[in-house]
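Chain L is fixed; fit chain D onto it per the hints.
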Amino acid sequence: MESLAECHPDFLPARFALEAWDQWESPFRHPEWSPSNPSALPILARKVQTAVLLPVRDGYTPRAALFLRDAAGDFRNLQLLSSARIDITTIISEITSPQVVAVNARIWDDPSTPYPLEALDFPLCQRGHSDRRKYQYLCLQENIDFAIIDARDRLLLNKRLTMPPRMRQVNQKLLNLLIGSDGVDIPLDKAAGDRWYSMVGRPAIKAHQSRLQPSDIQY
Amino acid sequence: MSLWDRLKGRTQRADPANEDLSQEVKRSISESLELIKLHVAFSGKGVYVASAGAEGKLMDAARAFESAHRSYPALPMLHYAWACARSCGAVQDGENGDGKPR
Chain L
1 MESLAECHPD FLPARFALEA WDQWESPFRH PEWSPSNPSA LPILARKVQT
51 AVLLPVRDGY TPRAALFLRD AAGDFRNLQL LSSARIDITT IISEITSPQV
101 VAVNARIWDD PSTPYPLEAL DFPLCQRGHS DRRKYQYLCL QENIDFAIID
151 ARDRLLLNKR LTMPPRMRQV NQKLLNLLIG SDGVDIPLDK AAGDRWYSMV
201 GRPAIKAHQS RLQPSDIQY
Chain D
1 MSLWDRLKGR TQRADPANED LSQEVKRSIS ESLELIKLHV AFSGKGVYVA
51 SAGAEGKLMD AARAFESAHR SYPALPMLHY AWACARSCGA VQDGENGDGK
101 PR
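Protein chains in written order, with the working numbering: chain L, 1 to 219; chain D, 1 to 102.
Hints are computed from structural coordinates only; laboratory data are not their basis. Only a predicted model underlies this, so the values are computations on that prediction, with no experimental measurement involved. Take every hint as true, because none was put in to throw you off.
Label-pair restraints from in silico Cβ distances:
no. : chain 1 : residue 1 : chain 2 : residue 2 : range
1   : D       : A54       : L       : R76       : 52 to 58 Å
2   : D       : G53       : L       : D216      : 51 to 57 Å
3   : L       : E19       : D       : E24       : 33 to 39 Å
Glycine included, each C-beta is placed from N, C-alpha and C at the ideal position.
Isolated chain L, as found in the complex (with noise of 0.2 Å):
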């Protein structure tokens, strides 16, 4: 990796591999997942409780994947669905202490209502770690994969969008503060990481939320 770093020092992934060694996953460790999924798979259905980006890998390629679980059942027609148009976009919020940044998506199921979803993460956080590292492959990503499971981890939707140019803006802004930012710290040990979501995190998300609605989101 420090030889790859060296001999491609604008080459990326190698540098935030080298910038938190101790913390680096390669690639291969990750689920591979691309639109010929035909499933869904354990690892990454236990992770899907509502919407998620995760790090996945297509090939030998590190990605990240948007999935999203519908616990209710509200994609009946997935005719409807595999053929519905989604509005996707990367959000950075005004919240900045933590610095939060949402995936937003609407799916045009149902033409009068369609379906807001988000995942809302804290991506500059302490390099290495598995959250700032899925939004430095989204942030060198073209499309995105998008899977939706119902609640008996039955694949209802798995298709690659093709990331909007707005979308594409908002990450190369994102992915500068990757690149510069070392951002805060979350704590890895679980009981202290559960305390810091309750204390610095929820709050956080809660403030983004009460300032941007849905409806609000430019796609």
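Just chain D now, with coordinates in the frame of chain L:
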């Protein structure tokens, strides 16, 4: 122009998927990915890496990526895949230390 292109310039595309890799290199990469699929297992509980270590199958996969990188040194993604495969195959899960080669 993609983000990768803006970052790297068109002469150093990161993802060689659409590049003209030789059939031999494509086949070798495909076999390496199959080896990795066979020896990195995912379950609801987590990830388990088998056949690691210098003589393990994962190092065979890493050596194939190394060879691909040597054939296409201008493609950093192949170099990255080599480094990632080496790291993944360095130490079997359950052993002490991460053993990641730097």
